[in-house]
Structure formats: structure tokens, C-alpha cells
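Peer 1: Here is what each chain is made of, one letter per residue.
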Amino acid sequence: MTRAWYLRILVLVLSCLVVDVGLVMPLPQATPAAAQRGGTLHLALGEDPDTLDPHATVSLTSSQVQSLLYASLVYIQSNGLPAPLAAQSWTISPDGKAVTFKMRPGLKFQDGTPLDAQAVEFTFKRHMDPATASPSTNQLGPLSAVTAVDNLTVRFTFKEPYAPFFTNLAGSYLSILSPTAVRTLGKDLGHNPAGAGAGPFMFKSWTPGSEIVLARNPNYQLGSYRNDTQNKGLPYVDELDLKVVPEVGTRIAALETGELDVSALTLEAVPRFLNNPKFQVITKKDANDIVFVEFNYKRAPFDDPKFRTALGWAIDKQAIVRNAWGGYATPNLTPMPVGDAGYDPKIGDQYGIGYDPKKAGQLFDELGWKLNPQTRIREKDGQPAKFTCWTYSGFETVKRGCEVIQANLKDVGIDVAVNLTDFGTMSGQMPKAQFDFDLMRWTYADPTILSLLFKTPGWEKLFSDAALDAALNRADTTLDPVKRVQFVKDAQVMILQKAVIVPILTDWLITGARAQVQGLRLDHFGAILYQDVWLQK
Amino acid sequence: MIAYIVRRILFLVPVMIGVLAFVFLMRALVPGDPLEIMFLGQMPPDQATLTKLRHQLGLDEPLPLQFVDYMWSIAHGDLGQSVRTRQPVTAELGYRYRNTLILTFGSLFVALAVGLSMGILAAVYRDTPIDVVTMMLAMFGLSMPGFWFGLIMIMVFAVDLRWLPVMGSGGLVYLVLPALTLGLIASTIIARITRSSMLDVLSAPYVRTARAKGLRERVVILRHALRNALIPVVTILGLQLGGLLGGAFIIEVVFAWHGVGERAIQAISQRDFPVIQGITLVVAATYVLVNLLVDVLYSMLDPRIVYE
Numbered sequence: 005m006t007r008a009w010y011l012r013i014l015v016l017v018l019s020c021l022v023v024d025v026g027l028v029m030p031l032p033q034a035t036p037a038a039a040q041r042g043g044t045l046h047l048a049l050g051e052d053p054d055t056l057d058p059h060a061t062v063s064l065t066s067s068q069v070q071s072l073l074y075a076s077l078v079y080i081q082s083n084g085l086p087a088p089l090a091a092q093s094w095t096i097s098p099d100g101k102a103v104t105f106k107m108r109p110g111l112k113f114q115d116g117t118p119l120d121a122q123a124v125e126f127t128f129k130r131h132m133d134p135a136t137a138s139p140s141t142n143q144l145g146p147l148s149a150v151t152a153v154d155n156l157t158v159r160f161t162f163k164e165p166y167a168p169f170f171t172n173l174a175g176s177y178l179s180i181l182s183p184t185a186v187r188t189l190g191k192d193l194g195h196n197p198a199g200a201g202a203g204p205f206m207f208k209s210w211t212p213g214s215e216i217v218l219a220r221n222p223n224y225q226l227g228s229y230r231n232d233t234q235n236k237g238l239p240y241v242d243e244l245d246l247k248v249v250p251e252v253g254t255r256i257a258a259l260e261t262g263e264l265d266v267s268a269l270t271l272e273a274v275p276r277f278l279n280n281p282k283f284q285v286i287t288k289k290d291a292n293d294i295v296f297v298e299f300n301y302k303r304a305p306f307d308d309p310k311f312r313t314a315l316g317w318a319i320d321k322q323a324i325v326r327n328a329w330g331g332y333a334t335p336n337l338t339p340m341p342v343g344d345a346g347y348d349p350k351i352g353d354q355y356g357i358g359y360d361p362k363k364a365g366q367l368f369d370e371l372g373w374k375l376n377p378q379t380r381i382r383e384k385d386g387q388p389a390k391f392t393c394w395t396y397s398g399f400e401t402v403k404r405g406c407e408v409i410q411a412n413l414k415d416v417g418i419d420v421a422v423n424l425t426d427f428g429t430m431s432g433q434m435p436k437a438q439f440d441f442d443l444m445r446w447t448y449a450d451p452t453i454l455s456l457l458f459k460t461p462g463w464e465k466l467f468s469d470a471a472l473d474a475a476l477n478r479a480d481t482t483l484d485p486v487k488r489v490q491f492v493k494d495a496q497v498m499i500l501q502k503a504v505i506v507p508i509l510t511d512w513l514i515t516g517a518r519a520q521v522q523g524l525r526l527d528h529f530g531a532i533l534y535q536d537v538w539l540q541k
Numbered sequence: 008m009i010a011y012i013v014r015r016i017l018f019l020v021p022v023m024i025g026v027l028a029f030v031f032l033m034r035a036l037v038p039g040d041p042l043e044i045m046f047l048g049q050m051p052p053d054q055a056t057l058t059k060l061r062h063q064l065g066l067d068e069p070l071p072l073q074f075v076d077y078m079w080s081i082a083h084g085d086l087g088q089s090v091r092t093r094q095p096v097t098a099e100l101g102y103r104y105r106n107t108l109i110l111t112f113g114s115l116f117v118a119l120a121v122g123l124s125m126g127i128l129a130a131v132y133r134d135t136p137i138d139v140v141t142m143m144l145a146m147f148g149l150s151m152p153g154f155w156f157g158l159i160m161i162m163v164f165a166v167d168l169r170w171l172p173v174m175g176s177g178g179l180v181y182l183v184l185p186a187l188t189l190g191l192i193a194s195t196i197i198a199r200i201t202r203s204s205m206l207d208v209l210s211a212p213y214v215r216t217a218r219a220k221g222l223r224e225r226v227v228i229l230r231h232a233l234r235n236a237l238i239p240v241v242t243i244l245g246l247q248l249g250g251l252l253g254g255a256f257i258i259e260v261v262f263a264w265h266g267v268g269e270r271a272i273q274a275i276s277q278r279d280f281p282v283i284q285g286i287t288l289v290v291a292a293t294y295v296l297v298n299l300l301v302d303v304l305y306s307m308l309d310p311r312i313v314y315e
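As you go down the protein sequences, you meet chains A and B in turn. For the numbering used here, add 4 to where a residue sits in the first sequence, where the first one is 1. For the numbering used here, add 7 to where a residue sits in the second sequence, where the first one is 1.
In case anyone wonders, no lab produced these hints; they're calculated from the structure. Keep in mind that a hint or two might mislead.
What the hints assert, rightly or not - Residues of chain A placed beyond 12 Å of chain B at every Cβ, according to the derived structure:
hint, residue
1, Asp52
2, Lys191
3, Thr211
4, Asp242
5, Lys247
6, Glu251
7, Glu260
8, Glu407
9, Asp415
10, Val422
11, Tyr448
12, Lys459
Stated by the list, open to error - If the Cβ cut is set under 7 Å, some of the chain B residues that face chain A in the computed set are:
hint, residue
13, Arg34
14, Pro38
15, Asp53
16, Arg91
17, Thr92
18, Ala165
19, Val166
20, Val173
Don't be surprised by glycine CBs; every beta carbon is placed ideally from N, CA and C.
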């Protein structure tokens with residue numbers, strides 16, 4: 005079968021996948037053509053990174069570049085659980101307060117110096133040092149000491165067990181730095197981190213505000229240790245050219261003209277690429293995001309779980325998936341993103357708040373919110389049920405979701421105004437409790453997302469529930485993966501029973517690429533595994 | 008004249024202080040804290056880290072004190088450092104200001120070339136189809152949102168025709184699309200002003216005299232009429248230049264043109280106040296200086312205007 009034909013069929017299969025949302029179909033295996041080495045992959049960054057020093061930033065864009073330069077002790081497999089990378093193995097002490105990593109022998113940084121236990125100790129000491137003033141120290145949790153026991157053994161000691169540590173360890177903020185490079189580069193580490201990492205790509209150049217160029221690390225040693233990549237050797241492409249392109253419409257146009265090879269797609273752009281043999285579209289459905297309705301817990305009637313539940317039953321989740329996300333999302337009645345460890349659709353079926361406007365109306369009646377037949381709006385003690393749904397600008401999907409909710413609630417006699425504002429303004433207003441409820445979207449690749457959102461005082465700084473805090477603490481301090489997942493599930497049930505939020509969906513990650521780009525695969529975090537990518541000449 | 012210019016430049020100081028006081032006032036009114044926004048969707052930092060960061064960035068002082076500190080630094084040529092990149096604002100804005108100026112003058116060139124020719128044509132062929140069509144085009148351009156027009160230009164000239172690249176900065180080829188977008192939009196006002204100003208002048212007695220002398224029509228229009236018709240155009244041009252610097256904000260983002268505007272939009276969404284202040288300062292100073300330049304141009308175009 006010729007390549008063109010194969011592509012046509014691929015496109016066909018992909019379009020079937022998209023039309024029939026409920027259909028689970030394995031992606032076709034790539035033709036076993038030999039991967040070709042060489043070429044430059046042109047990619048886009050949404051903004052100029054702030055710094056490439058992993059200890060000096062919490063920017064996701066910077067993290068994107070850093071994760072290519074630096075290597076981590078562990079990586080997260082597609083099932084959400086950790087596996088060794090620069091480390092060979094680890095053991096956990098019975099009380100869960102000490103994790104001891106055995107390093108792989110003979111590993112080297114890009115500057116040729118050894119990546120050993122001493123380097124790990126140096127890196128984490130630098131991170132914890134108050135003089136570094138790292139904004140990401142909370143990723144370390146209750147870490148109290150890091151000690152190199154010998155050349156290849158390093159022990160992490162915690163004040164109390166800390167389960168999210170492994171996911172954090174796999175991220176770029178906790179990747180390992182070459183002590184020699186850090187000392188020689190000094191302040192330059194942030195903008196010219198040559199040789200400082202052990203990742204698959206090396207820093208080549210950075211034109212501030214414009215582009216960053218990375219080159220293949222010719223001595224990359226960790227390729228064979230990941231089970232989510234197919235290429236076990238050196239990266240295939242010579243260089244990655246990362247251009248700063250803030251506007252998504254521009255990125256997509258540049259993908260169409262071939263100025264970019266790969267780009268995330270907006271829903272509106274998908275059809276143009278789906279039906280075009282020059283392009284491919286890949287979707288990741290087990291993404292790490294969750295879209296939900298959250299409330300102002302300090303303002304009546306949203307302080308009442310029963311009112312929140314009633315509101316939840318009035319919202320048609322399928323309609324939001326269909327009309328706001330064009331079908332590119334999975335309805336999700338649990339508070340956990342579909343791609344995170346601990347997601348279980350059965351929890352949603354059993355405890356979730358589905359769509360049943362009759363039930364919603366009944367609950368509202370019981371609460372004393374009676375329909376006024378003249379205005380068609382419910383009232384209680386002479387107060388009409390008029391509320392505001394907040395949402396933030398820049399995301400058409402979230403805005404349209406708010407509009408569906410507005411229509412849904414109108415059907416049950418609740419009058420909703422939509423207030424669209426920029427994210428900074430919205431998040432600034434929140435702790436002051438100056439709103440009713442809002443439609444929110446969060447992304448986090450570890451089950452501790454529940455703690456980030458709901459542990460007192462909650463991310464809104466308005467929520468507190470001692471029983472839920474205890475449940476979340478149990479999950480966060482249990483290092484055994486199986487037990488942790490069970491505790492995470494208990495917490496989810498609690499969140500649904502108290503109607504803390506009304507979960508709606510997990511949307512899919514949609515990536516478009518030119519047909520010449522081969523071997524596109526995403527890791528657990530939804531990042532492209534550039535290790536595998538090659539360009540067909 | 009020199010004294011006048013010096014006086015105008017000195018006038019910059021109170022203007023800048025006023026503008027910056029206004030920006031600081033906005034800081035007190037606009038919700039959103041730079042550090043809170045930085046940590047959105049992330050593990051929240053503990054209070055100690057937050058306090059330390061706040062202190063390092065000087066965000067823990069009362070706003071009036073920050074204002075005084077800031078003024079003091081400016082007097083020493085220091086615009087502070089970005090909350091995010093921790094780079095000096097002067098270093099970040101240097102190359103970006105150059106890029107913005109290139110784009111501004113590129114679009115000004117387009118605006119003048121297109122706007123003047125359209126205006127002159129419409130005036131000379133008054134009430135003919137040429138007049139109607141040019142003025143309709145001008146109306147269309149005036150009412151178009153720049154952001155949308157930019158994306159349309161990309162779709163037509165970059166995606167469909169493949170004549171020009173979608174984005175980037177560096178060579179002249181990257182300048183064409185953004186400069187055309189901004190310039191065409193700006194040209195519409197220039198066209199309308201030129202037309203009405205030319206119509207006034209064309210009915211003036213000295214134009215009739217010039218024609219009566221037997222001068223060729225081209226000389227009458229270009230040398231006698233146009234020069235006198237230009238004064239209102241120059242006024243508008245000064246305002247347009249300010250508008251171009253401001254309008255360039257969105258267009259820079261659309262074309263990934265790495266100028267001051269692109270950075271401003273990023274800084275505003277991040278509440279990166281030192282960068283916002285730096286950009287406000289630079290743009291306001293440019294605006295004031297451009298208007299000074301316009302006033303000087305008046306006296307060159309019309310020797311009767313004298314400044315004292």
C-alpha cells in the first residue's frame with residue numbers, strides 16, 4: 005500500500021473516531037517504515053519562557069523546554085504511576101518517611117560530568133536553599149533532607165510521607181542539574197544552560213522574545229529506559245526550533261503553511277486538518293483536565309449543599325460536551341480528570357450529579373424556591389433566583405459552556421447572567437467572595453489535584469471541610485499506589501456527596517501535525533515524546 | 008524655536024509622573040495579584056516562600072512608597088525588573104522597542120502612500136465613481152477590527168496564496184503583512200481627511216490663479232494644493248502614530264512580531280507591573296515626542312506658524 009493511500013485511510017479512521025464519540029477504537033499502528041534521522045522540527049511556544057533555571061520558575065512554558073534539557077529520577081507511565089528513569093530503582097521505608105533511590109551507573113550530564121548521587125544531593129540542596137528563593141519549593145512537600153549515601157545511592161527524608169512526590173519528581177522543576185555547570189554558569193543558567201542537563205536535547209541558542217533552538221544530545225543515555233517511547237536510542241531529529249507565537253490562530257495558520265510542523269489545535273480548526281491528507285490530527289482522550297462548576301461557599305444559597313445539588317441536576321453535561329466542545333470531550337461526573345490515577349467512571353455513575361431537570365425542580369421546590377408563574381423565575385422570601393455565572397476570556401469552549409448552563413437553568417426557573425472577564429480579575433475577585441458560581445477548568449496530572457482544589461481553604465480560599473481535609477490527607481500521605489488510589493476514591497465520593505463542585509467533563513488534547521512528521525506520541529502529561537519523532541523526507 | 012522645543016521636552020517630566028501615578032492608581036483598583044496569578048493551577052507555595060518572593064520583588068511595601076521608590080529608580084535610569092523573568096525591564100524593552108518602531112514606520116509608510124493617493128484621487132474626481140469607491144473602501148477599513156483584519160490577511164496572503172510568511176520578525180519579508188494590516192487601517196482616516204482638506208483648498212482663489220497662469224494640472228494639484236491641504240493631515244498623522252503604537256499591540260500578537268505590544272499583553276495578563284509601567288512610560292514618552300515633532304512640522308509646512 006502506498007504512503008498516500010495509507011494516509012487517506014488514517015484520516016478516514018480518525019474522522020470516524022471523531023464522529024462516533026462513544027466508540028473506542030485503537031489507533032492504527034504506524035507503517036513499520038524505518039525512521040529517518042535528521043532535520044529540524046519547527047514548533048511553537050505560547051510565550052517567551054521566563055527562565056530555563058528549573059528552580060527559578062513555575063511557568064508551564066518554561067517547564068516545556070526544561071523537560072527536554074534536563075533528566076529526572078523517575079517518569080510517569082501512561083497509567084499515571086511512576087517508573088525509574090535516571091534512578092534504577094527505589095525503596096520506601098516502612099514508615100513512608102524515607103525514599104532511597106539507587107542510581108544507574110555511568111550516567112553523564114551534557115557537559116560530561118557524572119550524574120550520580122552527589123549531583124542529586126547538590127540539586128535538591130540548591131532547590132531548598134533559602135538563598136535560591138525558588139518559587140517551586142512546595143513541589144518538594146515536607147522534604148527535610150537529601151543525602152548521598154554513596155556514589156549511586158541517594159536518600160530523601162520527609163517529615164511525613166508525601167505521595168505526590170513521584171509525580172513532582174518527574175516534572176521539570178525537580179529534574180537534576182550538573183553541579184559543575186551550575187557553578188560555572190552562575191546567573192547564566194537561566195538563559196544559557198549549556199551542558200547543565202542530561203535530557204534528550206541540548207541548549208543551542210535563545211533569541212530573547214523570539215526563539216529557542218535545541219540540538220540532539222549526541223550522548224543521550226536514557227532513551228532505552230522509558231516504556232512509553234519506541235525509539236530506544238538517540239533522538240531522530242537534529243534540532244528543535246521553538247518559536248514564540250502567542251496567538252493560537254497564528255500558530256494554526258503557520259501549521260497550514262508549513263512554517264510549523266506541529267501545533268495544538270482549537271476545535272474550530274480541527275476540520276480543516278482532519279480532511280486534509282497533508283496533515284494528521286491526534287487526540288489524547290485520557291487528558292489531565294477537569295471542567296466543573298464551583299460555587300461561592302460563603303454566599304447563600306450556594307452555601308447549602310442541597311441547593312448546589314439541585315443546580316447540578318439541572319445542567320446537561322452531554323449538551324455541554326456536544327455544543328460547547330463539539331464532541332471533543334468525555335462527560336465526566338467524577339471530580340478526577342480522566343487521565344489521572346484514581347479516575348473511576350463507576351464513582352460518577354453511583355454518586356455523580358447527572359442530568360435530570362425534574363429532579364432539580366423538585367429539590368428547588370423542597371428548598372422553598374417556588375416558581376412564580378408570571379415571571380417563570382423561582383422565588384424564595386420574595387427574592388427572585390437571579391444569579392451570575394462567571395467565566396474567563398480567551399477560551400471559547402468555556403464561554404459556550406457557560407451559555408449552555410444559562411439555558412439549562414432557565415428551563416428550571418433560574419435566571420443566570422454570564423459574566424465574562426479576564427482570568428486575573430476573576431481570580432482576584434474570588435477570595436473576596438464577590439460572585440455566585442463559575443465554570444472552571446483545571447489541569448493537573450496527579451490525584452493530588454483534589455487537595456489543591458479543596459483542601460482548606462480551597463483554591464478559591466472560600467471552602468473548608470474538616471472531614472474532607474482528613475480524607476485528602478490520607479490520600480496524600482499513602483505511598484503505596486494501590487492504597488493511595490483507594491483513598492483518592494473515598495475523597496471523590498465525599499466531594500460528590502457534599503456537592504462541592506458539579507463535575508462536567510474532561511476535554512481532549514488535540515494536536516495537529518504535518519503528514520511528514522512521524523512517530524507522534526504523547527506522554528502522561530500530554531507532552532509530545534520528541535524522542536520518537538522523525539521527519540519523512 | 009529651540010527654546011520652545013526644550014520647554015516641550017521638559018514638559019515630558021510632569022506628564023510622565025502623571026501617567027505613572029495613574030498606572031499605580033490602576034494597580035490599587037485592578038483585581039489580581041502577580042504572585043497569585045503566577046501560581047494559578049499549580050501547587051500553591053507556602054506562606055514563607057510567598058512572603059519572601061513578595062519582599063524580593065518589593066511588592067510588600069505600601070503602594071505610595073513603591074511609587075516613590077520607582078520614581079527614584081527611574082531617575083537613576085532603572086526601570087526595575089520583571090516579576091516573571093527577573094530580567095531588567097530596560098533590557099527586555101530595548102530590542103522590543105526597536106521592533107515596534109520598525110513596524111510603526113513601516114505601517115506609517117503604507118498609510119501615507121495609500122491614504123494620500125486615495126484622498127487626492129477622491130478629491131480630484133469628486134462625485135465620480137472613483138470618489139464613491141475610494142470612500143467606501145475607506146469606510147470599510149475604518150470599521151474593521153484590526154485583529155480580525157490581521158487574521159484575514161494571514162489567510163489570504165500567507166495560507167492561500169503563499170506569497171508571504173505567516174509570522175516572525177527579522178527580515179523585510181516578515182514586515183510586509185503586519186505593516187500592510189496596520190497601514191491599510193490607518194490609511195482610511197488619512198484618505199478621508201486628505202479628501203476633505205483637498206476639496207477646501209481646490210476651491211481656494213490661489214488655485215484658480217495657479218490654473219489661470221496656465222500651470223499644468225499635476226503641478227497645481229501636487230505643488231500648490233496638496234502642500235496647503237497637508238496641515239490637517241499632519242495633525243491626524245501625529246495622532247495616528249500614537250494609535251499605531253497602540254494598535255500595534257494586538258497586531259503584534261497576531262503576527263508574532265516581537266515588539267513592545269506583544270510583551271505588554273503578556274505582562275498585563277500576568278499583572279507584571281514593572282513591565283507594564285516600563286511600557287506605559289515608553290509609549291507615553293513616544294506619544295509626547297511625536298506630537299512635538301508634529302508641531303515642528305507645522306511650521307515647516309506653513310512658515311506663517313511660529314512658536315515662541
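Peer 1: Next, verify each hint and record whether it holds.
Peer 2: Here is what the structure says about each hint:
1. Asp52 of chain A, annotated as away from the interface, has a beta carbon of chain B within 12 Å; the closest lies near 8 Å.
2. Some Cβ of chain B comes within 12 Å of the Cβ of Lys191 of chain A; the nearest lies about 10 Å off, and the non-interface call is violated.
3. The Cβ of Thr211 of chain A sits about 9 Å from the closest Cβ of chain B, inside the 12 Å cut-off, so the non-interface label is violated.
4. At the 12 Å boundary, the C-beta of Asp242 of chain A stays outside the reach of chain B, the nearest C-beta of that chain being 21 Å off.
5. The Cβ of Lys247 of chain A sits about 7 Å from the closest Cβ of chain B, inside the 12 Å cut-off, so the non-interface label is violated.
6. Not every C-beta of chain B lies more than 12 Å from that of Glu251 of chain A, the closest at about 5 Å, which undercuts listing it as non-interface.
7. Residue placement check: Glu260 of chain A does not keep its beta carbon more than 12 Å from all beta carbons of chain B (closest about 5 Å).
8. Its beta-carbon lying about 21 Å from the closest one in chain B, Glu407 of chain A satisfies the requirement of being farther than 12 Å from that chain.
9. Distance to chain B confirms Asp415 of chain A as a non-interface residue, since its nearest Cβ pair spans about 32 Å, more than 12 Å.
10. Listed as outside the interface, Val422 of chain A is consistent with that label: its C-beta sits roughly 19 Å from the nearest C-beta of chain B, beyond the 12 Å cut-off.
11. Distance to chain B contradicts Tyr448 of chain A as a non-interface residue, since its nearest Cβ pair spans about 7 Å, not more than 12 Å.
12. The non-interface label for Lys459 of chain A is inconsistent with chain B: the shortest C-beta to C-beta separation is roughly 10 Å, within 12 Å.
13. Checking Arg34 of chain B against chain A: minimum C-beta separation of about 12 Å lies over 7 Å; hint violated.
14. Interface restraint check: Pro38 of chain B against chain A, minimum CB-CB distance 3 Å, threshold 7 Å, status holds.
15. For Asp53 of chain B, the interface hint holds, the least distance from its beta-carbon to any beta-carbon of chain A being 6 Å, beneath 7 Å.
16. With a cut of 7 Å, the hint placing Arg91 of chain B at the interface with chain A holds, because the nearest CB-to-CB distance is about 4 Å.
17. Nearest Cβ of chain A to the Cβ of Thr92 of chain B: about 4 Å, under the 7 Å cut. The hint holds.
18. At about 6 Å, the closest approach between the beta carbon of Ala165 of chain B and any beta carbon in chain A falls short of 7 Å, and the interface hint on this residue holds.
19. Evaluation of the Val166 of chain B hint against chain A yields a held restraint, the C-beta minimum of about 5 Å falling below 7 Å.
20. For Val173 of chain B, the shortest C-beta to C-beta distance to chain A is roughly 4 Å, which falls under 7 Å, so the interface hint holds.
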